[in-house]
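First to last, the protein sequences are chains A and B.
Just so we're aligned, residue 1 is where the first sequence starts under this note's numbering, counting upward by one.
Just so we're aligned, residue 225 is where the second sequence starts under this note's numbering, counting upward by one.
One thing to keep in mind: the hints can contain errors.
[Claimed, not checked] Not the full set, but computed from the structure, chain A residues with beta-carbon under 8 Å of chain B:
no.	residue
1	D55
2	F67
3	K153
4	L157
5	T167
6	L189
[Stated by the list, open to error] Chain B is nowhere near these chain A residues, computed Cβ spacing over 10 Å in every case:
no.	residue
7	L37
8	G104
9	M128
10	A179
FYI, nobody ran anything at the bench for these hints, they're computed from the structure.
Every value quoted in this text rests on a predicted model; they were computed, and no experiment measured them.
Every residue, glycine too, gets a C-beta built ideally from N, C-alpha and C.
Residue-level listing of the chains:
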Amino acid sequence: MLEWNLWRALLDGLWVTVQVTVLAAGLGTILSILSGLAGLSSFRAIRWANQVYVDIFRGTSAIVQLFWIFFALPLLGVTISPLMAGFITLGLNMGSYGSEVVRGAVRAVPRGQTEAAIALNLTPLDRMRHIIFPQAAVAMLPPYGNLLIELLKASALVSLITLSDLTFEAQKLRVNGTASTPVLFSLILVMYFMLALAITGLVRLAEARLSRGLEIGRGARRSS
Amino acid sequence: MSYDINWEYSRELFPDLLDGLVVTLQATSFGIILAMSLGLVFAILRRSEVRAISWPTAWVIEFIRSTPLLVQLFMLFYVLPQYGLRMDAFTTGVVALGVHYATYTSEVYRSGIEGVPRGQWEASTALNLSTVTTWSRVVLPQAIPVVIPALGNYLIAMFKEVPLLATITVLDVLGEGRAACTRTGNCVEAYTMVGMLFLAISIPSSVLVRQLEARLARQP
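When you get a sec, could you build the whole thing from the sequences and use the hints?
Set out below in structure tokens:
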């Protein structure tokens, strides 16, 4: 169907897609947690600043954000590589959506848990780290998995800022006329689909693991 | 960061961007009509008792939903003409948006349909209603109103994806901005204004959807 060197070009692209997605997912996860907790802060200024971030990134298109960061920032004197621009934009974008996921899940943990932790004299940090967050994390995972899939899909945008990801490689091969367009695009769609299935699988595994010993989630029945 | 904003130029550019915004809104409107109709068809087919229908539908939905819209857009734009199906860029874009978002709206409809109590189905059977009547007069009138806010959220989400159409030469708001950026080099102004236009529309509309949600939640 395709020659080996075409396959290699696509696999190189696949690797770049994976890299961008993983980097952006890392940044996006950290931002989701920070922003989600900031949204629950008792300081109005923090909540307000956080809301501005969330509204800007949820209110505009990822592609517009990417173009702004890649084409407009250099004119303002900040130069970054396409890879940086790509994963930073996607990470910021994911964080603004993840913020709601984290906030909602933390708020859904029964109040008694917080009260018990206070009664046990845990510091606010320990309370969040050992009591509240681990329980909230189980509820976060399914929507978090959806965010990862959205991120993977959005990663195709980096092809528009010259980053040679899977979509970019396919476009290059199409323009060169080295392979038939229907075959090329079907092939990369299948590759994206495989990655999405892998993400879904990983999230399910994580869900089973995190819910061990808890009364909610996938792993609940296996333990206790 | 010392950059002198070219206000004069920004003012000249504004009407062009508004023209683009009109195209963006048109694409959103046509796209959502397609997404809502096709989504309903997907949702009904997926519930079919014939596995040869429900199973492939489920996989097609899953496939379209977990692959990038950008690639699907390229696929339609470059591949369909090879099979003799010629559509202009705008139509291609609307079709891609509509089909992609139909997979999302079908999930929304599904949750609405599942929310209709079993007794309603049983009563329809007892009354000897045909399948078509059951769907059109009993189930859907109860399932659809509940899901309107959720559909509203996807309308906003879709609005934000329209700029992808700029990659297949549609002059939407981003397309206009990009053209201005390459023509004059004033990219900061162009892209900042594009971003602000998006905020100007998507923030009020999400407030509207939230109010709609609150209102529906208050009703029993």
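Right, here's what the structure says about each hint:
1. At a threshold of 8 Å, the smallest CB-CB gap from D55 of chain A to chain B is about 6 Å, leaving the interface hint in force.
2. Taken as an interface hint, F67 of chain A checks out: its beta carbon lies about 5 Å from the nearest beta carbon of chain B, inside 8 Å.
3. Look at K153 of chain A: its Cβ gets to within about 4 Å of chain B, closer than 8 Å, so that hint holds up.
4. Interface hint at L157 of chain A: satisfied, since its Cβ lies 6 Å from the closest Cβ of chain B, which is below the 8 Å cut-off.
5. The interface hint given for T167 of chain A is met, as the beta carbon of that residue sits about 6 Å from the closest beta carbon of chain B, less than 8 Å.
6. At its closest, the beta carbon of L189 of chain A sits 5 Å from a beta carbon of chain B; the interface hint therefore holds under the 8 Å criterion.
7. No beta-carbon of chain B is positioned within 10 Å of the beta-carbon of L37 of chain A; the least distance is around 22 Å.
8. Here G104 of chain A stays apart from chain B, with its beta-carbon at least about 14 Å from theirs, past the 10 Å limit.
9. For M128 of chain A, the requirement that its beta carbon stay farther than 10 Å from each beta carbon of chain B is met, with the minimum near 28 Å.
10. The beta carbon of A179 of chain A sits about 12 Å from the closest Cβ of chain B, which is more than 10 Å, so the claim that it is off the interface holds.
Hint violations for this structure: none, all hints satisfied.
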